[in-house]
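A.B. asks: What follows is the residue order along each chain.
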Amino acid sequence: SQQGEEDPQALSIQEGENATMNCSYKTSINNLQWYRQNSGRGLVHLILIRSNEREKHSGRLRVTLDTSKKSSSLLITASRAADTASYFCATDPSGSARQLTFGSGTQLTVLP
Amino acid sequence: GAGVSQSPSNKVTEKGKDVELRCDPISGHTALYWYRQRLGQGLEFLIYFQGNSAPDKSGLPSDRFSAERTGESVSTLTIQRTQQEDSAVYLCASSPYQRRETQYFGPGTRLLVL
Numbered sequence: 005s006q007q008g009e010e011d012p013q014a015l016s017i018q019e020g021e022n023a024t025m026n027c028s029y030k031t032s033i034n035n036l037q038w039y040r041q042n043s044g045r046g047l048v049h050l051i052l053i054r055s056n057e058r059e060k061h062s063g064r065l066r067v068t069l070d071t072s073k074k075s076s077s078l079l080i081t082a083s084r085a086a087d088t089a090s091y092f093c094a095t096d097p098s099g100s101a102r103q104l105t106f107g108s109g110t111q112l113t114v115l116p
Numbered sequence: 806g807a808g809v810s811q812s813p814s815n816k817v818t819e820k821g822k823d824v825e826l827r828c829d830p831i832s833g834h835t836a837l838y839w840y841r842q843r844l845g846q847g848l849e850f851l852i853y854f855q856g857n858s859a860p861d862k863s864g865l866p867s868d869r870f871s872a873e874r875t876g877e878s879v880s881t882l883t884i885q886r887t888q889q890e891d892s893a894v895y896l897c898a899s900s901p902y903q904r905r906e907t908q909y910f911g912p913g914t915r916l917l918v919l
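If you're matching them up, the sequences are chains B and L in order. Quick note: the first sequence uses the working numbering, first residue 5, plus one each step. Quick note: the second sequence uses the working numbering, first residue 806, plus one each step.
Since the hints were made in silico from the structure, they are not lab data. Errors might be hidden in some of the hints.
[To be verified] Restraint-style ranges between C-beta atoms, simulated for each label pair:
#1 Ala14/B to Ala859/L: 39 to 49 Å
#2 Val48/B to Leu844/L: 40 to 50 Å
#3 Arg827/L to Gly63/B: 29 to 39 Å
#4 Thr881/L to Ser43/B: 32 to 42 Å
#5 Ala859/L to Thr113/B: 17 to 27 Å
#6 Gln885/L to Asp70/B: 39 to 49 Å
#7 Leu844/L to Gln18/B: 41 to 51 Å
#8 Ser72/B to Lys820/L: 40 to 50 Å
#9 Val48/B to Glu873/L: 24 to 34 Å
#10 Gly20/B to Ser871/L: 44 to 54 Å
#11 Arg843/L to Val48/B: 15 to 25 Å
[Unchecked claim] A few chain L residues that face chain B, going by a derived Cβ cut-off under 10 Å, partial list only:
#12 Tyr838
#13 Gln855
#14 Phe870
Just so it is clear, CB atoms sit at the ideal spot from N, CA and C, and this is done for glycine as well.
So here's chain B without its partners, still in its complex pose (with noise of 0.2 Å):
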């Protein structure tokens, strides 16, 4: 089963509006990292959040990390029709850096 699972699957709102996903994931973490794919194609990297870590901020996004309720939530604020993609949240369980877990993505719409 997949490690991170996000919430909600599919979100539309108009632009301007605050934007916020959620992820779940199952076992300890070293570390969970929030991706950004477009179309489908390549994914990018957009934050990384360490287990130790409760709250990070880049631009626009906020990431939160709840380690004792296994969450984690992604906010896009100001949200703008470029958003619109696809959001993924990714663990690495063993902390090896060997593979991420990806969960099954929030599909974000922002409507202009």
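With chain B's structure known, arrange chain L on it following the hints.
C.D. replies: For chain L alone, kept in the frame of chain B given last:
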């Protein structure tokens, strides 16, 4: 600098044929990964190369799948006797040894098996 490149971008093949997919990682990246992504789903790990170490093949779904890597450069993923369920996007990623937590992805090869 140049990112990860993959070829071909798209491949249509007939069931039973063999296909070979190529990945050129970012220069200097010692780690290379292959993933498969079926339509509307997340990525499935296939195989991991790190320098000259033995590859981690634990994600390969069957013995029809194999991959090779020459040193720290090009990698090829070969699927023999393709089946319709092999239709997917095959994504390659690489990462530098010092910061191998973050993976840099190529654009993928979209494979369609008829």
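A.B. asks: Check each numbered hint against the structure and report the violated ones by number, ascending.
C.D. replies: 2, 4, 5, 7 and 14
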